[in-house]
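Peer 1: Based on these hints, arrange chains F, G and U on the given structure of chain A.
Chains as they are written, first to last, in my numbering: chain A, 1 to 365; chain F, 1001 to 1365; chain G, 2001 to 2365; chain U, 3001 to 3365.
Note that these hints are calculated values from the structure, not bench results.
Heads up, some of the hints might be wrong.
The following label-pair restraints were derived from C-beta to C-beta distances [stated by the list, open to error]:
#: 1; chain 1: F; residue 1: Arg1328; chain 2: A; residue 2: Val167; range: 36 to 44 angstroms
#: 2; chain 1: F; residue 1: Ser1169; chain 2: A; residue 2: Ile182; range: 56 to 64 angstroms
#: 3; chain 1: U; residue 1: Gly3050; chain 2: G; residue 2: Asn2316; range: 24 to 32 angstroms
#: 4; chain 1: G; residue 1: Thr2317; chain 2: F; residue 2: His1146; range: 49 to 57 angstroms
#: 5; chain 1: G; residue 1: Glu2038; chain 2: U; residue 2: Glu3263; range: 52 to 60 angstroms
#: 6; chain 1: F; residue 1: His1146; chain 2: A; residue 2: Asp162; range: 41 to 49 angstroms
#: 7; chain 1: A; residue 1: Asp162; chain 2: F; residue 2: Lys1053; range: 22 to 30 angstroms
#: 8; chain 1: U; residue 1: Gly3327; chain 2: A; residue 2: Ser180; range: 52 to 60 angstroms
#: 9; chain 1: F; residue 1: Lys1053; chain 2: G; residue 2: Arg2328; range: 53 to 61 angstroms
#: 10; chain 1: U; residue 1: Glu3263; chain 2: G; residue 2: Gly2318; range: 41 to 49 angstroms
#: 11; chain 1: G; residue 1: Asp2045; chain 2: F; residue 2: Gly1150; range: 48 to 56 angstroms
#: 12; chain 1: G; residue 1: Gln2145; chain 2: F; residue 2: Cys1032; range: 42 to 50 angstroms
#: 13; chain 1: F; residue 1: Lys1149; chain 2: A; residue 2: Val167; range: 48 to 56 angstroms
#: 14; chain 1: A; residue 1: Asp45; chain 2: U; residue 2: Gly3050; range: 54 to 62 angstroms
Negatives, chain A to chain U, calculated, CB over 12 angstroms [said to hold, decoys possible]:
#: 15; residue: Ser68
#: 16; residue: Glu129
#: 17; residue: Asp172
#: 18; residue: Glu192
#: 19; residue: Ile195
#: 20; residue: Arg276
Idealized CB from N, CA, C, for every residue including glycine.
Protein chains: 4
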Amino acid sequence: MSSSLGTLFRISTWGESHGPGVGVVIDGCPPCIALTTEDIQHELDRRRPGQSKIVTPRKEDDKAEILSGVLDGQTLGTPIGIFVRNTDQRPSAYTEMAQAYRPSHADYTYDAKYGIRAVSGGGRSSARETIGRVAAGAIARKVLQHSLKGYECLAYVKTIKDIQAVVPSGSDLTSEIIESNIVRTCDAEAAERMISLIEQVRSEGNSVGGVIECVVRGVPAGLGEPVFDKLEADLAKAMMSLPATKGFEIGSGFAGTLMTGLEHNDEFYMDGQQVRTRSNRSGGIQGGISNGEEIIFRVAFKPTATVLREQKTVTNTGEDTTLSARGRHDACVLPRAVPMIEAMVHLIVADHFLRQRALAPDTAI
Amino acid sequence: MSSSLGTLFRISTWGESHGPGVGVVIDGCPPCIALTTEDIQHELDRRRPGQSKIVTPRKEDDKAEILSGVLDGQTLGTPIGIFVRNTDQRPSAYTEMAQAYRPSHADYTYDAKYGIRAVSGGGRSSARETIGRVAAGAIARKVLQHSLKGYECLAYVKTIKDIQAVVPSGSDLTSEIIESNIVRTCDAEAAERMISLIEQVRSEGNSVGGVIECVVRGVPAGLGEPVFDKLEADLAKAMMSLPATKGFEIGSGFAGTLMTGLEHNDEFYMDGQQVRTRSNRSGGIQGGISNGEEIIFRVAFKPTATVLREQKTVTNTGEDTTLSARGRHDACVLPRAVPMIEAMVHLIVADHFLRQRALAPDTAI
Amino acid sequence: MSSSLGTLFRISTWGESHGPGVGVVIDGCPPCIALTTEDIQHELDRRRPGQSKIVTPRKEDDKAEILSGVLDGQTLGTPIGIFVRNTDQRPSAYTEMAQAYRPSHADYTYDAKYGIRAVSGGGRSSARETIGRVAAGAIARKVLQHSLKGYECLAYVKTIKDIQAVVPSGSDLTSEIIESNIVRTCDAEAAERMISLIEQVRSEGNSVGGVIECVVRGVPAGLGEPVFDKLEADLAKAMMSLPATKGFEIGSGFAGTLMTGLEHNDEFYMDGQQVRTRSNRSGGIQGGISNGEEIIFRVAFKPTATVLREQKTVTNTGEDTTLSARGRHDACVLPRAVPMIEAMVHLIVADHFLRQRALAPDTAI
Amino acid sequence: MSSSLGTLFRISTWGESHGPGVGVVIDGCPPCIALTTEDIQHELDRRRPGQSKIVTPRKEDDKAEILSGVLDGQTLGTPIGIFVRNTDQRPSAYTEMAQAYRPSHADYTYDAKYGIRAVSGGGRSSARETIGRVAAGAIARKVLQHSLKGYECLAYVKTIKDIQAVVPSGSDLTSEIIESNIVRTCDAEAAERMISLIEQVRSEGNSVGGVIECVVRGVPAGLGEPVFDKLEADLAKAMMSLPATKGFEIGSGFAGTLMTGLEHNDEFYMDGQQVRTRSNRSGGIQGGISNGEEIIFRVAFKPTATVLREQKTVTNTGEDTTLSARGRHDACVLPRAVPMIEAMVHLIVADHFLRQRALAPDTAI
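Excised from the complex, chain A in its bound form (with noise of 0.2 angstroms):
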């Protein structure tokens, strides 16, 4: 069940990188929201190999088949299966993995725990395997939009390295924004450089990582289930749960620990007949439940693992070897997980939505 994430609205990602196709089933999704194979390509597009220049070279099309649970554009309220044939696998250019662990990689923890490995391609461990996520993350998008007027979630490149975004303020922040550059930034004059670094250090076998931010709008106050299931402990794990994440942090995150709580609390006022803060050091969320603010979280990823340079490492007989990474990578993951944080929130949000559907239908929403 460890491939499987959600209570109410659940999805379950299976497939290897190498193997006949990845697909997910999504369980649980409400019946009679429109649905059609485009809404779920437009997502696996924006994740997609070869899409621009800076992200691996792979040629996989990632052409979705919905395989039940919709009819004539519908949701049937049953489990829908989708399925994404794998069409570029290269076996032979890993050879050399199958002895060797790669450096930081899952090799050896696969092996350690499973005591058997699909080494061609990463198996498993690939990062194929979010193509089930985002093909159900865009259904749960549907079901949002079907229910919540205004619901939207913007991620973008916060940071690749050390070079930094300027972040349009409320409304000028836009998804057009965001997919006009490569890199998916919000900033025009730092995704040109963003381009030059990730160029630089992959003509050099090297990678590099950086921090996405994430932006939700439309989220009614009321949803996130404590004590576990907070809200922000959900999107923790859906986020730390991606490949190359190494933190989270919502709201204030790690620099709100310098603040004092006078200058940390965000205080009420009225707007109208709504409660709000004047301040969103929450991060739209307060006790583990949404308050109507905007959700803003930040991701950390770390530099590919993959580096096309000679490391040390050891083989699965136990010596000591050196390896050579060969192959098609990306140098920087970031652009290509924008869709991929994304899917994740639609997801989370989608589940607890109808998990305070189910308790309260009358209160928050």
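Peer 2: Showing chains F, G and U alone in chain A's frame:
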């Protein structure tokens, strides 16, 4: 089910701060584990109010009573019920708060979610809820110590506001050092400055936060369940479900985003028969699975929301107002949060240990 | 987690028969439901030992204490903890049983499973565990009555050994008739003969079983979650988790296998605006989903395993021996099992009601 | 999540009868279990339409494709995706049923629940959904055979309408006998009469039901998780989740209610070092935990709801009407239900085996 955590070693906490008491049910604890009330009480005493001059002076004995699941000092394999009676309740201190929402507390969001709220003492959103977690964590620790030689979890205050502790390296970091000062930091000199700061902000009716770091030793390679129940994902959720947390990072964390892949990767080497890494920027987890190195992570705690100064806010009937909190509170929660973090680690690791035992008893353990 | 039941309305029972007490935590109860201790106590009194001359004379008050989740007579939406202290314990009566396994009891299997056992009173396998279920069921009933007009669940003894009750048809079957006799059957004449039989077998140190039938009214069409959580599947599990049950059947049940399809099918007709069936061999559930008709099912209870006569058995050290049980017991569990069955129905229906409210709030309800 | 079953060995089925196909994801299968497509195909062929003259002549190959989780004939410990493409679809046969609800089918209740329905072929309520169960069950069987010496599950038709099979005792009951006739009963003489009856009712456009009995051998003492996940409770749920089931009983079942306790109890004796019972009215489970004896239970199947005769019903717009079903169907589902029941047993036992291995690896197994 939102007050339950864990798949096999599963706990359910219950209780409001000012009701009859708080408690926990542990379902799935293996049988024949030695367990006494003292094992539990020892940890509760570490999180107890009134334990030192820098924590809230509330007078709660927090005496644990084991109601089931244990006989003659051994677990039965049946649910373990634990009850801690509330004793020091002063509902009158909360009269004003019944109407006015405390800034950056859960008052407003609980009303938005449930349409009703246990005003006195914060009800379920009170840190008193963590008593059940700490009690259950003490039992999880016994399970792990029973099966995993060398298992040890050490949390300590790393920073209070901008005061940083120097962390002793390797085996110089011990429980004794941490418990030798009332802040529970690992640096005697920094401890003095931290204590002074906490006393100062308290005298001003203000508050501070900080960062707790945690090192977990003796976890074998192989724990963690990709793709969603990765070990760091479950740790992140557990930590972010604690009150006042704003961030989680593992290994290199956010700072790791400033490195290149070549700098960041942890090279493997053979240490006798054991696969080891020379550095530990992975934080002991790779691909969601423990690799046998120390697990190391950090958690950000915001400054306590309760400040004894007038703040602007609104009433539950939608009118702007001001509120001056009174009553007893922690000007800094970190000293008491240390055992909470350790408890959450015990719970997550115990659950994953049992899951791995089910999956592949001969592989890793 | 094996002592937990339910997806959204989730209960966790705990407690051994001869420990400090037994209890339950209800997690997921909606807020703002009126609830008093009396609501719970009324049902506990119906399952209490010593309530009549035909049940065990054990003297347990079984007084429920609500420890959390309720304030001023209303649920808070937070976990509801309920505690019932054990009072009448006679461990000495169980000395002999510490060594010899009681035939058709759980003594041997608990030892085989856990390697340890709370001998006294049967520990966790005692029917005392059902106190938590009955208490939680009383709360589930309040939730259902709050939302579903006309919801009513009536269980009654249909047979004791070979004595059969005549069941009044339609609205002639009432709670009053069932509660008018100490067997809790729906046929005053049969009640007399049942009581005589129970008294006779008890005087002989023997025991009897029988069948309880249950009718549930006011369940709207649309509850039940194919394909695994079909309403009858969850009812079957709930019933078969009760002590001493050996069978479950719904609608036509086993007897329906003697009919042809043409005889068996329930034809639809319009009753004003409502779709109805002329017969009800489906038992109110079709394809795993309620159809708005009365839900009707039956549960087989074996004769009580405790008999006060010498029986052959073995010791826990593997030697043949004999055992003559002493102590107080029910010669027939059915009168006290009636409220247990009703409680399990309330729990299952409440859980499915909340699940349907999450899935499709406007469709069926 | 209602299409998922199991705690550790967890399956999720998906697919409508007349969509692209049906399938299943198995999450939690241990690694390093030998598995081939043939293992799965063998069981699918036993449930396949068109396999004999007494089942539906639908022409479905039901060829299983393993999409993930298996490499070089061994499980990887990752989710196993299985896909079976639908081939024989005749939507035209269902035009009339789009408006008129088939009596005792799930047409009306699906509309009531979801507000939408895949009319053609019954959609999700079709018995085609059980393909995923049977495929997953074949894998669970491999897991059990890998770890439990002597594990075997034999289901067989006990009665068709009023025709009863004589069951060979002990080791005379074999898979060969059951598979030697197309009814899958254990009595060659009764088989002839059953076949005649099925052919006769089919020629009349009518249908029949019956009872399947199941014997499970080689289950060690100690499996089953009181108090809710008792082994018989989980078996009951699994069986009652199959289409067309109306009843479940274990061991003595409903007939056991006619005995006294002294007659009913299973006395223990020592058989060498092993605790055994002389009789088996418990059906191999005591207190919810297997006792090492054969597990034996029975399941009632109603006569197939599809009959080729005119019946009264209503339309989905609320008008009385009549309906004469056409198309191909099983006049008796039991021969094809035998492998379904075995699959459900494998799934439940495998899940409980893994749960016990987590809880107490040294105790029972």
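Peer 1: None of the hints should be skipped; say for each whether it holds.
Peer 2: Structure-based check of all given hints:
no.	hint	in the structure
1	Arg1328(F) x Val167(A): 36 to 44 angstroms	40 angstroms, holds
2	Ser1169(F) x Ile182(A): 56 to 64 angstroms	43 angstroms, violated
3	Gly3050(U) x Asn2316(G): 24 to 32 angstroms	55 angstroms, violated
4	Thr2317(G) x His1146(F): 49 to 57 angstroms	25 angstroms, violated
5	Glu2038(G) x Glu3263(U): 52 to 60 angstroms	42 angstroms, violated
6	His1146(F) x Asp162(A): 41 to 49 angstroms	47 angstroms, holds
7	Asp162(A) x Lys1053(F): 22 to 30 angstroms	42 angstroms, violated
8	Gly3327(U) x Ser180(A): 52 to 60 angstroms	55 angstroms, holds
9	Lys1053(F) x Arg2328(G): 53 to 61 angstroms	56 angstroms, holds
10	Glu3263(U) x Gly2318(G): 41 to 49 angstroms	27 angstroms, violated
11	Asp2045(G) x Gly1150(F): 48 to 56 angstroms	53 angstroms, holds
12	Gln2145(G) x Cys1032(F): 42 to 50 angstroms	44 angstroms, holds
13	Lys1149(F) x Val167(A): 48 to 56 angstroms	49 angstroms, holds
14	Asp45(A) x Gly3050(U): 54 to 62 angstroms	42 angstroms, violated
15	Ser68	4 angstroms, violated
16	Glu129	9 angstroms, violated
17	Asp172	40 angstroms, holds
18	Glu192	40 angstroms, holds
19	Ile195	35 angstroms, holds
20	Arg276	36 angstroms, holds
Hints 2, 3, 4, 5, 7, 10, 14, 15 and 16 from the earlier list are contradicted by this structure; the remaining hints agree with it.
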